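Chains V, Z and E are the protein sequences, given in the same order. Numbered by the working numbering, the letters in the first sequence go through residues 1 to 318 in order. Numbered by the working numbering, the letters in the second sequence go through residues 1 to 279 in order. Numbered by the working numbering, the letters in the third sequence go through residues 1 to 111 in order.
Since the hints were made in silico from the structure, they are not lab data. Keep in mind that this is a model prediction, so the values were computed, not measured. Cβ coordinates follow ideal geometry from the N, Cα and C atoms, glycine included. Hints should not be assumed to be uniformly reliable.
Example chain V residues on the side facing chain E (calculated, C-beta under 8 Å, incomplete) [to be verified]:
| hint | residue |
| --- | --- |
| 1 | Ala71 |
| 2 | Ala74 |
| 3 | Cys160 |
| 4 | Glu163 |
| 5 | Lys168 |
| 6 | Glu171 |
| 7 | Ala175 |
| 8 | Lys240 |
| 9 | Tyr244 |
| 10 | Ile248 |
Residue strings, one per chain:
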Amino acid sequence: MQDRYKHCYMDIEEVKQRAGPREFGPTDDMPEEYRKAATRMIQFHANSEIMGAYIERPFIRQAPSLDRKLAVSAQVQDEIGHGQLLYRAAENLGIKTREQMLDELANGEGKFLNCFHYPLDDWYELPMIMFFVDGAAMRRQATLKRTSWEPYAHAIDKICFEEGFHIKHGESILAELASGTRRDQERLQEAFDKWWPRILQFFGPTDDQSTHSDFSSAVGLKTMGNDALRTAFLNVYLPKAEKYGLEIPDTPAVTFNEDTQRYEVEEDDLDWDEFMQIARNQYPQGKGQIDKRHRTQEAVEWVRDAIENPGAGSAAAD
Amino acid sequence: MASARLGAPGDLSEREREAVEALLYQLADDEFVVADRYTDWQCQGPTLEADIAIANIAQDELGHARLWYDLLQDFGYEETELIWEREAEEFRHATLCEQSFESGDWADAVVRSYFYDVAEFLQVEALAETSYPRIADRIEKVNGEEHYHREHAQNWLERLCEDAEGTRRVQAAVDDLYPYALTLFEPTAKEDDIVELGIRPTPLAQLREEWYDLTGAFLDGLGVSVPDREALDDLVAEETGRDGSHTDDWQRQYNELTYTYRMLDRTEARRLMADPDEV
Amino acid sequence: MIFEVFRQEQRKDYHVHVGNVHAPDREMARMYAQVMHARRKPAHSLWVVPKEEIAEVDSDDEGVSMGGLTQKEYRWATNYNTDETFAEEIEASQREQEEAERGREEAEAND
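Work the whole structure out from these sequences, hints included.
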């Protein structure tokens, strides 16, 4: 767009005052602080889509029926598509290009959701991601339809439209296993026990310990706090777990507070050292996932060279 | 020479049925195994867009496999017997389909899908004249998706070959894959009956000639060379797949493919969509 | 030259194609677009795009299958028989997909 059509520069106070659903877009001259915060948030989301696809990927090949294989392939495909949409929404902020963000992801600088740092062992663990974690993500995403960065909200529109299938397919796998043999049910419970604390950490530390939360909320990027989201998640997914015969582990303790009408999680029961190690991209298994991504990206570097600078060839080939 | 129309699945003679089955296994296994290999590229593509496109192609081919396996179900087989409980050496796909990819070797993906898609296009064209009505019914849908696959492969080949390193990689992939690509045209034990009964009126040997001409001319135009026509017979890979002989890559792929099914101790394969005949 | 015009009615809306203008260049196209496509209907923003810069995929063209012709129900929430009403966002996704499905059916019927 031509400069003369650009809106006037806004300072942070004005941003906070105007902050509302889909309020700001590429034609607004946003202060750098806003653009950086929005980039950090959307890049994190985009990275999470890519790394979420990574941990589901082995189950395309390992799916136990033709139709399930098709569905898992379509889910992984959607997630890469969501990454594409989100990187684009982030690029619009003018801080980083998609190339830069993908490089950061491969280099271990890019951050992403805690749950996607843990590779899945087998099919029993798949619904932990496809139902519970994707369900949690969907809860959060739905609140982002009202985010203040309009291109982000547009990406979210399409993501939410597509994502319903993921959770329903995840539940269908969960239901099939839960109604299987006793051994199926036991293995499913083991998977749940292993994943439940990680799922509770999905929404991050409680609001008063979260670092970037205040600013993001003040400028309308974030529309709901960690605690409220976790409560909203537990309200519907806890009964689901019970419906499928899963026993909720005693620790971490989850209690419903009648006064505040909120689920409260005993924060001390969760392993925040591990969570912080993950947040720094230093958790060994998560590092393994990042390294995989790094190798993949490097291995196809020559293709991008060939299509972007044809004729030059690549001296570093092989 | 037009052959007599064959009857419904239950009315076939033993000879007819064996020929139909042999052709369907060949078609279904090719699609299933090559599609499963394409999914190796999910999360590994050179760009996000390329990743999404090859995933779609994999899903199309799996959809075709689903249609062909479904026609085998007419003869009373279940999906479990057709895929999940079948022994690795009973699969009849060409060994082109099962070759594992070297990490990052997008030239292999592109060349393989080009070789495969041109062959599939010719096969499907030949099947337009099939004497077996159940196959005839499904040809249009399969063919409708193949155009995109060929165009996708050709577009990529053209772009890679605008670059010196890209051309070198494409040539290397052509050289490596050629012996396996030729196995697409290796006959099953029932080839003579398949042709005589008009189930696929054109013999594979003739399809190979057409394939050689089409792919050779296109690749030549990109500065990529292919083997001489006279050399083809000697070049065919030792393991053709059509007779049940496979490379080690297949055993590894098969073990992974069937891993969950075996681990869950399954006796049925969960269907999520309506039967193709009901849509 | 022909320019295609996309109108955004109000802030936060998506831009929707509304027509085109003939103009000698980009500047004039922007002038004409305003009076031709925004003088009655409200417009917060217009995108004015040279027609020749628009790549089209036409479903009537040979070989175009728009993502596939064989069964793709596995891509749709509507294909799975678990209950979607337990969470409003899943239900919303399902409803949008149902609407899209009706749209596809209508398009097929009109074909």
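A quick look at each hint next to the structure:
A hinted interface residue such as Ala71/V counts as satisfied when its beta carbon comes closer than 8 Å to some beta carbon of chain E; here the least separation is about 4 Å, so the hint holds. Given hint, Ala74/V at the interface with chain E, holds; its Cβ is 5 Å from that chain's nearest Cβ, closer than 8 Å. Hint on Cys160/V holds. Least Cβ distance to chain E is approximately 6 Å, under the 8 Å limit. Evaluation of the Glu163/V hint against chain E yields a held restraint, the C-beta minimum of about 6 Å falling below 8 Å.
Because the beta carbon of Lys168/V sits about 4 Å from the nearest beta carbon in chain E, less than 8 Å, this interface hint is met. Here the hint on Glu171/V is kept, as its CB sits about 4 Å from the closest CB of chain E, short of 8 Å. With 8 Å as the threshold, the beta carbon of Ala175/V comes within range of chain E, its nearest partner Cβ sitting at about 6 Å, so the hint holds. Below 8 Å, beta-carbon pairs count as interface contacts, and Lys240/V has one with chain E at about 7 Å; its hint therefore holds.
For the restraint placing Tyr244/V at the interface with chain E, the shortest Cβ-Cβ distance is roughly 11 Å, beyond the 8 Å limit, so the hint is violated. For Ile248/V, the shortest C-beta to C-beta distance to chain E is roughly 17 Å, which exceeds 8 Å, and the interface hint is violated.
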